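Here is how the chains run, residue by residue.
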Amino acid sequence: MLKEIPILIKKELQNEWKQKFSFSGILLYVISTVFVSYLCFKVIENILVWNALFWIIMLFAATNAVAKSFIQESKGRLLYLYTLASPQGIIIAKTIYNALLLSIIGIFNYLFFGLLLGDLVQDKTLFLLTIILGSMGFAIVLTMISAIASKTNNTGSLMAILAFPILIPLLITLIRLSKNALDGLDLSVSYTYIIVLLAINVIVVVLAYLLFPYLWRD
Amino acid sequence: MNLKKNWWKIIAVSLIIYTITAGFLGKVPRLPILHETIRNLYFHVTMWFGMMIILLISLVYSIKYLSSQKQEHDIIASEAANAGILLGCLGITTGMIWAKFTWGAYWVNDPKLNGAAVTLLIYFAYLILRGSIEEEQKRAKVSAVYNIFAYVLLLVFLMIWPRMNGVDSLHPGNGGNPAFSSYDLDKNMRWVFYPAIIGWTLIGVWMMTLKVRIRKIQQQLLNN
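Heads up: the protein sequence lines correspond to chains A and B, in order.
Sequence positions in the first sequence follow my numbering and run 727 to 944.
Sequence positions in the second sequence follow my numbering and run 950 to 1173.
Hints are not guaranteed to be accurate.
[Said to hold, decoys possible] Below, computed lysine-lysine pairings styled on DSSO-like, alpha-carbon distance capped at 27 Å:
| hint | chain 1 | residue 1 | chain 2 | residue 2 |
| --- | --- | --- | --- | --- |
| 1 | A | Lys801 | B | Lys1087 |
| 2 | B | Lys958 | B | Lys1160 |
| 3 | B | Lys1087 | A | Lys794 |
| 4 | A | Lys737 | A | Lys794 |
| 5 | B | Lys1160 | B | Lys1019 |
| 6 | A | Lys729 | A | Lys744 |
[Claimed, not checked] Negatives, chain A to chain B, calculated, CB over 12 Å:
| hint | residue |
| --- | --- |
| 7 | Glu730 |
| 8 | Lys737 |
| 9 | Glu738 |
| 10 | Phe747 |
| 11 | Thr809 |
| 12 | Tyr836 |
| 13 | Leu837 |
| 14 | Phe838 |
| 15 | Leu854 |
Source of the hints: derived by calculation from the structure; they are not laboratory data.
Computed from a predicted structure; not experimentally measured.
Beta carbons: idealized from backbone N, C-alpha and C, even for Gly.
Assemble the whole structure, with the sequences as input and the hints as a guide.
Okay, here's the thing in structure tokens:
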């Protein structure tokens, strides 16, 4: 299984490269949302508002970006994939790939958001770490949920209904951690939040690893 | 009435009647701020305990379904989730009424309360998920997977998350606050508390079994 994962990730990357429009679509989604916020707010000076808006944009962009991970592939190609690789390998590869994708989207979101609405972040390293931890968390939860939602008739709305409750605690912890980064507080204050984030991630990874094999075949 | 089969239903009803009578009329410790609201221990807390037990039944049958693929297990899992959600809604309502009289607001921004709301949202999503898959076996399989997911997250959000260091909670028993057991100096309250948990759980199980029987009869009618 360990050998499969790099190959499967490479396959995901090639797939993405073949369909460049879907990645550009998500970037455009971020750009337009940030631009709408810019037209509404002009400049944000309040740290709480900046923080909340940033993570809400991130949440919706992530949901849209990951929603396609099981839907975009045709039934025939999924079937072919299932004969070649183990289910655990597939879910882990997809999760790692989505985490990479969301990290890129997160950093892009931060650059563009900071450019238009003002960059209030004082501790840039911690903020970057928050984006990466958040992308990991979003990717882990959303990949599993998109596998579940892809089995239903109304994938789009179910994706949000199923994922948002699970993402709320993650999001609250992320917002607290990123507020520490915005305020430039000492790292020692933030250790608890980092550990909570990692713990939630580990729990969901274990669940996805155990449960996905029951889900993959129709 | 077949007494051999239905004795537990009689116990359930008598325990609930006992809980309501003794819960409202019995002696409780007189404490500042809490006053008579301490009686909510018999309703809010016990209903959530009952909910967790019934949702555990639902979890067990979901796991059983995944290993056996028997439709009966899926029916039990879904009806247990329904009964658990009902108890959860009652529990959150009684909790809100308690909060109004003790904290001054129906809802406060608190990790324990938000965890409870998240848990209910996850289970509502479970119902929506069941509704949106037509094919029976696929619905059973997908919702069993989500149900296992949901219960583990319920444990995390209800039991672990509010108790973490650095997460402050107002709720009794969390964030360094004493639980109700420390207020109850003469230990009299537990004579109602434990029977109440058993009572609410049994009533929930009773509702569940009724619904399961209805579903099975419907199934048979469809097959004939």
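For which of the previously enumerated hints does the structure constitute a violation, in increasing order of number? none
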